[in-house]
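If you read the protein sequences in the order shown, they are chains A and B.
The first sequence finishes on residue 265 if you use this note's numbering, and the numbering steps up by one all the way, no holes.
The second sequence finishes on residue 576 if you use this note's numbering, and the numbering steps up by one all the way, no holes.
It should be emphasised that the hints constitute simulated quantities derived from the structure, not laboratory data.
Beta carbons: idealized from backbone N, C-alpha and C, even for Gly.
Be aware that one or more of the hints could be misleading.
[Claimed, not checked] Taking lysine-lysine and the DSS-like style, the derived pairs with C-alpha atoms no more than 27 Å apart in a straight line are:
# : chain 1 : residue 1 : chain 2 : residue 2
1 : A       : Lys262    : A       : Lys88
2 : B       : Lys412    : A       : Lys262
3 : A       : Lys88     : B       : Lys412
[Stated by the list, open to error] Heads up, incomplete: computed chain A residues facing chain B, CB under 8 Å, no partners named:
#  : residue
4  : Ala10
5  : Asn25
6  : Leu29
7  : Leu32
8  : Ser89
9  : Pro97
10 : Thr173
11 : Ala174
Given next are the chains, with one letter for each unit.
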Amino acid sequence: MSSWRAELVAVWAFALRNLQMASRNVFLLFELLFWPVVNVMSIGLLTRFLGLSGPEISFVLTGTIAFNTLQVCQLDVAYALLYDAWSKSMKHQFVAPIGVRHLTVGAWIVGMVRGVFVFLLQALLARWAFGFDPLGAGPLPLAAFLAGCFLTAWVIGVLVCALVMLVGLRAETAAWASINLVLLLAGIYYPISVLPGPVAGVAAAIPLTYFLDAYRAHYGFVPEFRAPLRVGFLLAAGYILVSHWALVAAVRRARRSGLLLKLSE
Amino acid sequence: MLAIDARDVVKTFHSGLLGRRRTAALRGVSLAVPRGAIFGVLGPNGAGKTTLLSIFATLLTPDGGTVTILGHDVVREAGLLRRRINLASGNASFLWNLRVAEILAFYGRLYGLHGATLRRRVEQLLEVGELGPHRRVPYNELSTGLKQRLSLAKSLVNDPELLFLDEPTLGLDPDISVRMRSHIASLRRERGMTIVLTTHYMREAEELCDEIAFIKAGLILARGTSGDLKRQIRIGDVIALRLDPPHVPWLSQAPGVLRCAVADGRVHCTVDEADKRLPELLRALHSEGVMVRDVQVREPDLEQVFVELAR
């Protein structure tokens, strides 16, 4: 069998596995329906209570929608290893001739499918309840925005996986906690110009900051950065390389330290 | 031709604050396993059996020494090697929500199987593991025996040349253990597979293995066939005699007799070699006018060898 086909089959193995697990887990349905709906509704109602203008509402809701979309996708990537750590079946996949790329890309594909679902659900809700149309920016800006969310999700998810391979299940809370750092820094509910200088510097290192900036420009906000999409994609590409390398190194270390076995017993 | 050629393998685990606590799991293990053999690794808990097997299976990197498996270096050529080996363990675990057939299909895909080939292989494995009626049962609803059979079936998904079995019958009912052992034996017989297994059960080792290595505290203390080991350890054979008169005081002083004890109306003499000493004893007893009514000769079993080595 040609090597590219073997690559695709291995990626598909992890995608299908994540899909099968997701379809049988009530908790994952919560991730898909409950939290996104609750978040959009509560933030939307808050904007109404504060009497924000139309553009301000779109600013805040864009952030909320991006956050939920990113979180769902990122969790799927983290589940690529967490499922095996929880079920103690880690060694069975690492005795097979696969690389971490199969694991993460397969899980990421399912994450993107779930992310698009969450995005559309929230978009419909935001339009119906608060008159903000997240689809109004047009197909290309929308595609770039979603790509930005998913690439950022991949980076965070893979870093969580690397952490699991470094310290074991003690790192599982990072799967849910890490995304909140993005919430604080990437300008989800406010422009990053309101952050103190050094913190704004950190925010400027997060790809999602640029994708949000670019997308909000289509709703009348002046971009804070020049060529935000280009910078966002370049940053994301850099982080993808770094996080992939970090995971490869973490797996190698787990084989040395015996953690790979501990996660299987 | 060797399936496994391990030389001076060393592995130390670090734990505690800053990894200061060190546990030497393997302290210079050398082992050669010929192709097509069933090789047993025996030893008490914490002896290093699973560590050794995990190094062979590329799940653990050795700190020192060299390991060549099926001609591949276990560290530098791990990717190539993984296509040709597989692993099953007695305490195996898989994703709790996946069904039996889905688990086999998932691992099949990891080895590049897809489409009709994958479907055929899954059906074969379901048949081999007698798992057909349970194909739609989620993993967490399977009994221990079924889980173990699934683990063994999964380990055959890539038709490996070398199979590692870590305590394959752990916790199984005796009747299922017997079937599992017969299945393991048939893998070598029918497919020429090399099998390396760890076990606590001496009977299993004695029944299945061509050769056995005893490992303790990270060192191989003895290796050979079951018979070799019994000879090496020199526990001695037992000759049980029903005599008339029943007590013969000089018997324990006879050449080659290590000790004598009376039980169940018999004198149980532990001798260095029963084949050699039995005719001598019978001659001596006959010349002293002692009547021998009944003779039984018993070789030590592997369990006694294990106890002796593990002491």
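Now the hints, each set against the structure:
no.: 1; hint: A:Lys262 - A:Lys88; verdict: 8 Å, holds
no.: 2; hint: B:Lys412 - A:Lys262; verdict: 20 Å, holds
no.: 3; hint: A:Lys88 - B:Lys412; verdict: 14 Å, holds
no.: 4; hint: Ala10; verdict: 6 Å, holds
no.: 5; hint: Asn25; verdict: 7 Å, holds
no.: 6; hint: Leu29; verdict: 13 Å, violated
no.: 7; hint: Leu32; verdict: 16 Å, violated
no.: 8; hint: Ser89; verdict: 5 Å, holds
no.: 9; hint: Pro97; verdict: 4 Å, holds
no.: 10; hint: Thr173; verdict: 21 Å, violated
no.: 11; hint: Ala174; verdict: 21 Å, violated
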